[in-house]
Every structure is written in structure tokens, then in C-alpha cells.
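Novice: Protein chains in written order, with our numbering: chain A, 1 to 365; chain B, 1 to 365; chain C, 1 to 365.
This list has only true hints and no planted wrong ones.
Identical chains blur together in the list; that is why a pair holds if it fits in one copy or across any two.
Derived pair list, reagent style DSS-like, types lysine-lysine, alpha-carbon separation capped at 30 Å:
| hint | residue 1 | residue 2 |
| --- | --- | --- |
| 1 | 245 | 260 |
| 2 | 341 | 313 |
| 3 | 219 | 166 |
| 4 | 346 | 219 |
| 5 | 219 | 165 |
| 6 | 245 | 219 |
| 7 | 131 | 166 |
Worth flagging that the hints you see were computed from the coordinates, not collected in a lab.
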Amino acid sequence: MAGAFGADLVQKIDAQSKVKSNAGNFFEDFFVGMQIIHPTPKTITEGDVALYTGLTGSRYALFSADRFAQDCGLESAPIDPLLAFHVVFGKTVSDISLNAVANLGYADGVFVAPVYPGDTLRSVSEVVGVKENSNGKTGVVYVRTSGVNQNDELVLTYIRWVMVKKRDEGFPAPETVIPELSDCVPADSLGMPMMDAEGWDYQLAGSEHAFEDYEVGEKIDHIDAFTVEEAEHQIATRLYQNTAKVHFNQHEQAQGRFGKRLVYGGVAISLARSIAFNGLANAAQIVGINGGTHVNPLFAGDTVYAWSEVLEKADVSEGFGALRLRLVATKDLPCASFPYKDADGKYLENVILDFDYWAAIPKRT
Amino acid sequence: MAGAFGADLVQKIDAQSKVKSNAGNFFEDFFVGMQIIHPTPKTITEGDVALYTGLTGSRYALFSADRFAQDCGLESAPIDPLLAFHVVFGKTVSDISLNAVANLGYADGVFVAPVYPGDTLRSVSEVVGVKENSNGKTGVVYVRTSGVNQNDELVLTYIRWVMVKKRDEGFPAPETVIPELSDCVPADSLGMPMMDAEGWDYQLAGSEHAFEDYEVGEKIDHIDAFTVEEAEHQIATRLYQNTAKVHFNQHEQAQGRFGKRLVYGGVAISLARSIAFNGLANAAQIVGINGGTHVNPLFAGDTVYAWSEVLEKADVSEGFGALRLRLVATKDLPCASFPYKDADGKYLENVILDFDYWAAIPKRT
Amino acid sequence: MAGAFGADLVQKIDAQSKVKSNAGNFFEDFFVGMQIIHPTPKTITEGDVALYTGLTGSRYALFSADRFAQDCGLESAPIDPLLAFHVVFGKTVSDISLNAVANLGYADGVFVAPVYPGDTLRSVSEVVGVKENSNGKTGVVYVRTSGVNQNDELVLTYIRWVMVKKRDEGFPAPETVIPELSDCVPADSLGMPMMDAEGWDYQLAGSEHAFEDYEVGEKIDHIDAFTVEEAEHQIATRLYQNTAKVHFNQHEQAQGRFGKRLVYGGVAISLARSIAFNGLANAAQIVGINGGTHVNPLFAGDTVYAWSEVLEKADVSEGFGALRLRLVATKDLPCASFPYKDADGKYLENVILDFDYWAAIPKRT
Chain A
1 MAGAFGADLV QKIDAQSKVK SNAGNFFEDF FVGMQIIHPT PKTITEGDVA
51 LYTGLTGSRY ALFSADRFAQ DCGLESAPID PLLAFHVVFG KTVSDISLNA
101 VANLGYADGV FVAPVYPGDT LRSVSEVVGV KENSNGKTGV VYVRTSGVNQ
151 NDELVLTYIR WVMVKKRDEG FPAPETVIPE LSDCVPADSL GMPMMDAEGW
201 DYQLAGSEHA FEDYEVGEKI DHIDAFTVEE AEHQIATRLY QNTAKVHFNQ
251 HEQAQGRFGK RLVYGGVAIS LARSIAFNGL ANAAQIVGIN GGTHVNPLFA
301 GDTVYAWSEV LEKADVSEGF GALRLRLVAT KDLPCASFPY KDADGKYLEN
351 VILDFDYWAA IPKRT
Chain B
1 MAGAFGADLV QKIDAQSKVK SNAGNFFEDF FVGMQIIHPT PKTITEGDVA
51 LYTGLTGSRY ALFSADRFAQ DCGLESAPID PLLAFHVVFG KTVSDISLNA
101 VANLGYADGV FVAPVYPGDT LRSVSEVVGV KENSNGKTGV VYVRTSGVNQ
151 NDELVLTYIR WVMVKKRDEG FPAPETVIPE LSDCVPADSL GMPMMDAEGW
201 DYQLAGSEHA FEDYEVGEKI DHIDAFTVEE AEHQIATRLY QNTAKVHFNQ
251 HEQAQGRFGK RLVYGGVAIS LARSIAFNGL ANAAQIVGIN GGTHVNPLFA
301 GDTVYAWSEV LEKADVSEGF GALRLRLVAT KDLPCASFPY KDADGKYLEN
351 VILDFDYWAA IPKRT
Chain C
1 MAGAFGADLV QKIDAQSKVK SNAGNFFEDF FVGMQIIHPT PKTITEGDVA
51 LYTGLTGSRY ALFSADRFAQ DCGLESAPID PLLAFHVVFG KTVSDISLNA
101 VANLGYADGV FVAPVYPGDT LRSVSEVVGV KENSNGKTGV VYVRTSGVNQ
151 NDELVLTYIR WVMVKKRDEG FPAPETVIPE LSDCVPADSL GMPMMDAEGW
201 DYQLAGSEHA FEDYEVGEKI DHIDAFTVEE AEHQIATRLY QNTAKVHFNQ
251 HEQAQGRFGK RLVYGGVAIS LARSIAFNGL ANAAQIVGIN GGTHVNPLFA
301 GDTVYAWSEV LEKADVSEGF GALRLRLVAT KDLPCASFPY KDADGKYLEN
351 VILDFDYWAA IPKRT
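Let the sequences and hints guide you as you build the complete structure.
Specialist: Here it is, written out as C-alpha cells:
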């Protein structure tokens, strides 16, 4: 079925653009229930892992060392869930957000199954909501995207919504459908790690702090920071096979709103999570994404800092607990004072990311 | 035999430079029939594939996903023929073109056997032509280069010609020998893919368009574009172990003709082919190179666009046809109007590449 | 035991910083005999090898081609000892040199066992000396660091000393302990390659020159050069999971001594060794590090050149000899005249590296 819908979509694009190249979908091309099989499956390899480490500086032992993972009963080091997320997300861009004005948010993200080097991921999406804006020029599209491996097993799924341009402003507005979005993934529906917490080596992981040591309301300054270069975010975004023009085409962007290339939001998330190692070394594995907003744009030359707050704790499996964390990233602003919003509740201009997620962390037991 | 010749060459270089380091060959060092075994064989791995994806943004499913390739009857995703080409080419630079004034062209390129991760490639060359220029300062050297794998099987072969400086302008000109170069590799001598076209998944590949859908004379604007950064082209060119100084040494280039580093032509070819995915998604596999010219130099900061024209079609195997394509790349110039040459038949100044090749594409059958 | 010490250390850090993130150790935190297990073991893969090649341009056949290594009786191409060294070194930074003023030197480095793709390395260190400086603000810490693989086998070990800030200038100076440092690793304690020199292919390696061809006092200009980009050194240094802030945080460095990010010294060593291929192609394998000094800082935009001098020769195994080499790297200064020190014995300002090491090279016989 999804296949058939996908085929229809491809035909429609061709009919519209009258050429073989894809100019992307516009708001009126989307309808609730529309299903899309996205192009270019990707086998995630040790090569991707090396590049991800080189581009993010991630130091979580679970994803860095086979031996560490094997001591926890795994066959080898799994792929960082964020790398899998970016690969699944990247495939959706050419169909969903090539003509996007803004990526508005994420919700209901669950990491269902681990990904190992050699696994091949493909992405499928279903449109779950549409709402035309009052200006008649743009609309919001809600999509449920799922990543599936070579055995047709679901590995991760999430909803995102994005503002997309209309091709023809005269095109009649569709019936508004807005999906119900929970603020938080219920702890009991998280894909908790299937591994032996007894084998977790706290020293090699880089911190003594287990689930029991974190308190709701606790804030952590992650201290470290990375200055982003054009080559770095472009290489990362191409590795994810994300084709959004705003990240790659300076000739066009020079005429645009910012006059320069925009860094893909996923790059900001991964840099912030890498920085968060310093204070959350044992909370390696993201198991759910409750929400995320790219508050302000990130550009090459900016320096990313980050801090975290513990929002909630859930004791959901024998060896592991889950921490619900708010990860805030800033540009050119150290986070010792936990910068976030002003008195009116508006984000500070240096804040670039407000990311709400669940991470698994071993219990001391 | 080749071995012996190679040894002679090395000795000659040392005798001339009186040091252990290699200053490269000059025009008078080359003679027709001279054979060279180039240094540094390279095992191409999943690491190279990841880096190639990150640097080019290539989205051809055949080279991206093991599962996709396996559905076509292959053991795993093969190496993109262009990656293999750049690796084979790169090894020749230290012996052939370290003192080159210009890389003048390619011809008669055939991809004979597929390359898989784990294969080790080495390069051997034979000089097939020499012609001193009237100025007595430079000459043109024609070389047939072949890439050979760990089983001594030929994987690809091509001719290129390059203008090389003379060390000693007083050195007598050699007898002129110019090899016969065909404008186009005959379709029946292409190394067509040995795979099952029935297993080709058009949706995952990203396009419905099969061999039957393309018409001779058809032009395609590939829309997308990439701005090149110094770090990107340097990392790519080093990955290919191509040592040409013009790509890496800003201290020297600052005094040179352009005042900056020149991007390796292979980087332009790979970026253009990556961009060509948008319109040629099923024409993944290059099976022949008829010719190629780097019309104008590419520099970091330039934005690469591309368009293609279908020059010829050949129905050469059961499951696959071959498209002869002209791939034109530009810098800082969108390709909706297919920019190419002016009224006098001269290339427009924004055109950087004119590449004529054969690609295999599945037949709908 | 080391484990217990390591745990003490982590607790102490937390007690001091009163937060979960690690602000690094200060001079008064180190004591002779203190042992540290460093976080984040890393499995070195073909992905790391590809990235190392792309970032350094290394062309030593032994580390580039499985087939070449197999012809010498090895299972596959081993990891370049410098890549292993940087990975082992990188892990020590967060505990040893996060608050370092300067990395003063290396000594007594021995590469004990080869590393292959798939091996997991972790680092352990012991403090072997401390000396407070007369200013009372800083002190020198001497550390013996060892890299250990997944089978708990020692793969490499070295001493380095670094100048570290005091947290509290009032803190009493410790008893001075300075370890005995030999100027040179004895040739008979080098970890010479366990392979068959008969299988060494000089043509594929890129040079005819064997152990017998090098003379003590001989100097070699390596000719080639690389201009360093911010993205390149940052990707390399993150790949090694080296977290020193000075390499990554432009926002902070803009206020610092140089106003810009400092390139990690290991990047300079690897670039210089890659350049040294041109003249030392068969001296691929570093087997000992006698000493090394980062004479002047290297910054993005600088162009690295290098030359070498043969300091000593040792005939230490059946198939291989060892060359003791001085590797000198410069910035923006070609090395045809072997730039080094001025009449007063002071390093020239363009000299960035003075590195004294042993390399194994096959004997002709």
C-alpha cells in the first residue's frame, strides 16, 4: 500500500514539474493519510561511526568501544541513536521539507530497536495533519516518520511538523487536521536498553554517577564547547543524505534571509549531546524524544555550549532507569548560569536549542 | 616486466634529483612504452565509502545500501565507480603529473569489474604518446592507466593526457607519437552491471524513470548545488592519496597564477554526479568514460550546479540499458537554462566541467 | 588497584567542583604514584583509518593496503602507530591536561604490540613526577601513560610532562620528584615489526631505499606541504576524543593569548610524518619515540613543511633495521635548506616541531 501511494506521489511530482528532477513538494501536495517511501536506504557502517565521532566528538563509551558493549552483554557497540535518527530524518527531506520555511518541532519519538554497524535503514512517512496558515501562503504539515531496518523491523519513529510554502496561493485550503501530540513519551513505552547493567564499567564510561545520583530539578553546566565550521556541518549533513538546500548553497543563501548557510538542526543536537557527556557520561543512550525546538539559527563560526536539567526520573527496567532531560544549547554564551528564557518567557537570543528527551542510565542497585 | 621498468624509473628519478625524495618527472623523463608501477596500493573500505558520502552527498541507492544491492543479486553494495576511479587516478599523480601545467583530458575509460569494500587497488600506467610543444618548454604526455585489484584482475582502465614542464629546455624533442583516441567507448565494450534488474526497487532508488523513459537530446536541470570548502576538497583529495601540490599548499599557491588552491577535478566530477541524482537516480553506475575536460578552475567558496543531456542510448544487456550522458557542471550559475557554450562555441566562464560518460540504467522490461 | 585509585580521583574531582561535570585536575590534585583509568575506550576501525588518511594524506603502503601487509605475513594492514598514539593520548587529556598551560615534552615511547582494526584501546596513566614552579602559580606534572587493548595487552607506552595551573596558589608545594628520562629509547627495547621483510614490495611502497641506503647525518627535504584548515584539525582531534578546549572553542580563544584556536600537536606530527613519506617511504612504522617538542604553535591557515635527519642506525632484527630520525616541521617555510635553530641555538620562529623517533625499515638482504 505504502508503495502504491509512494508511486502516486512520484508521478504527481513529475506531472507538476514536467521534468525528471524533483523540485520538492509544496503544501497543497500533502494530504492526511498520504504515505511516502523515501529514497536511498543506507547501510550504517563503522565508517559512519568514525565520521560521527570526528564531527561531534562524542565520547559515550557504549557507542565507542565494542569491548565496553560486550561487557554489558551486547554483540558489539551499537550505533548512537542520534546517528540513526539523523539518517532516518535525512531521507525525508527531499519529499517533506525541501520547500520548508521552518522546521517547527518534534514529538513522540521512540527508539524501538538498537542499530548495529551493517544494518540498512530506510524511512517511510505518513502525513498525520495539515493546517493552512491564515496568510494563505504557507501551511503546517505534520508527519509521522519511521525508520525500518533490512529485516523490516521498526527501529525508531517520531512525529515532526514543518511549515511549507504553497505552490499556488489560490489553491483551496484543506480541512484542518491537527494530531494529538503528547508533551512527553510515557516512560513505560520507551525502548529501554536490553543489556546487563552489572557489566557497566563506570570508570571507563567516565563518571561514577548512576540513576540514583540525579535529582529532579538538578541543573548541569557541561562546560565544554565547539566552534562550528562550514565544512563540518556540510559533511555531517551530507553523511545523513539530508539534501536541504539551505545547508549547502552559499550562492543562493547569499541572497537569502540570513545571507549565509544555515546549520542543520541535527548537527546542533549532536554537538550538544556530545558536550553533555561532561556531566551525563552514563546517560549515553537516548530512548525517547519528547519534543525539540530549534529556537534560533546556528551558523558556521558560532560556538556551541550546552547545559541540562533533570525534568523527571522513571525506574522502568531492572538494570536501567530513565532520566527525562532538557538539553539547552547556546551559541557564544557559556552556560554556568543556565541561560534559557527571559522574564516574559521568551527564549534568549543566544539559545539555539531546547530539546526534551529520555536517556537510559544504569542503576547502582 | 612492468616491475623492471618501474625500478628503472625510480633509479632515474633518484639519479636526477640526487636526493631520496621525489620531485616528480618532467617531460623528457617520459618515453613511449615506458611502464610505471605506482606506489601505495589502497584497500577501499566502508570507511572510504562513508567519507565519500559525507564529502559528495551521493544518494545512489546501489552504493548506499547493502540490502538494495542484495535485492539485485549482489553480495553487498559495491564501491561507487567514481571513488575507485579517483583512488586509481590519485596514485598516478606523483609519477605523472606532479609537474603538470594542466590535465588536458580523459578518454577510453572502461569500468571492467566491480569493486567491493575490502578490495585492494593498485595502479599501473604505460606511456602511449608524447608530443613536445612548439614553445620548447612543455610537452603533452599520453598515459594509459589501469587499476588492478588484489587478485591481479583489471577493474578499470582509461587514457589521460597532461601537459608537463620540461626540466631542461635544451633537451631534444622526442619523436611525436599521438595515440588514436575514440570520441566514445563503443557500447558493446562497456562493463555492464552483472545484476538482476528485476530486483531494482525504483521507489527506494528515488525515481520511476527507467531506460525507456529517457530520450536522446533530453536535458535535465539537477537543481541542487554544493558550495565547496577548502577542508572538504583537501580531505577528499588526500583520501584518494592524490599528492598534487596545487590542491594543498596555500603558502606556495599564494604566489601562483590564481593566488589560491585549485580544487582537484575529480572533486568536481563527484559533486556533479551527486547533484545529478536529482533526475538520474536510476542511472547510478558509471560504466564508461568517453571524455572529460576541466573547462575552468574550481576554487573553495564556489558553488557547484549541474545539468545533463542524453547524447545516446544503447540497449546492451538483458536487464540494463546504457545512457550516454553529457554532464556539465557550473560554478555560481544555476542550470535551468543549461549553460554551456557561447555563440562562438567557446565555453561560458562559469562552466567548469564537460564530462561525457556512459551510465547503466535498468530497463522496465 | 588502578581501578580503586581511579575511583578516588573521580570522587575528589566531584567534591571539588561540587558538580557532576569535570573541570579537570589542577596541579595540586596530582601526586606521585597516583593512577588514573581514563574514560572512553575506543574500538579503532577501518572508519578511523579512512578518516586518518583523508586528514593526513598518509601514503605508507603498510597501513594502506591489506594485500601489501599480507605479503609481509600479516593478517591485514595494521593501524598506523601514530593513530593509535593519538587515540591513547586523547583519552588522557580530560584528566591530565585540561588545565595545562603547555605540553612540554614526550620521552621513552615504545610501541609494544601492533593494533588492528577492531581492537579496542583504553588508556591508563601513573603520575611519575611533580615539580612546582617558582612562581607558585603552576607546576610540571610527569605522567607515564599506557595504551591497553581488549585483551589487556600493552600496545604502547610513553612519558609526557605538562605544565598545569594550580587551583589555589596558597596550596603548599609538594616534594619535587623528577623521573629519570633517557634521551633515547635503547634500540634493543624497541617493538620491532614481526613480519617478513622478503615480502616487502619496494615499488608499491614507493621507494627503492632500504636500511642500507641511509647514512647517519643524512638530511632529507620532504618537499610536499599541507595547509591546515580549522575543520581538519578539529575533526582529527575529535576523532582522537581529545577534549582540550584550546583546539575547539573560538569564542573563548578569541580572548586568549593567540586570539585563535591552537592546532593539537599530534596533528602537526601526523602531517609531518605524512609529508616524510617522500624520502622515507619504506620507514613506515614508528617503533619508538625518543622525544618531541612543539616548538611554536600551529594555527589554521599555516602551511606545514618538513625535513628529516638520520641521527642513528641500529641493526636490530633479521629483516628490519631501525633508523633514529629527527623530524622537523615548519610553518610557511620550505625545507630545502633544513631550517632548524639560529646561531644561539634557539629554534627559528617558523619551526613548529622537533620530533625524535625510531622507525623500522626493511633490510635489502
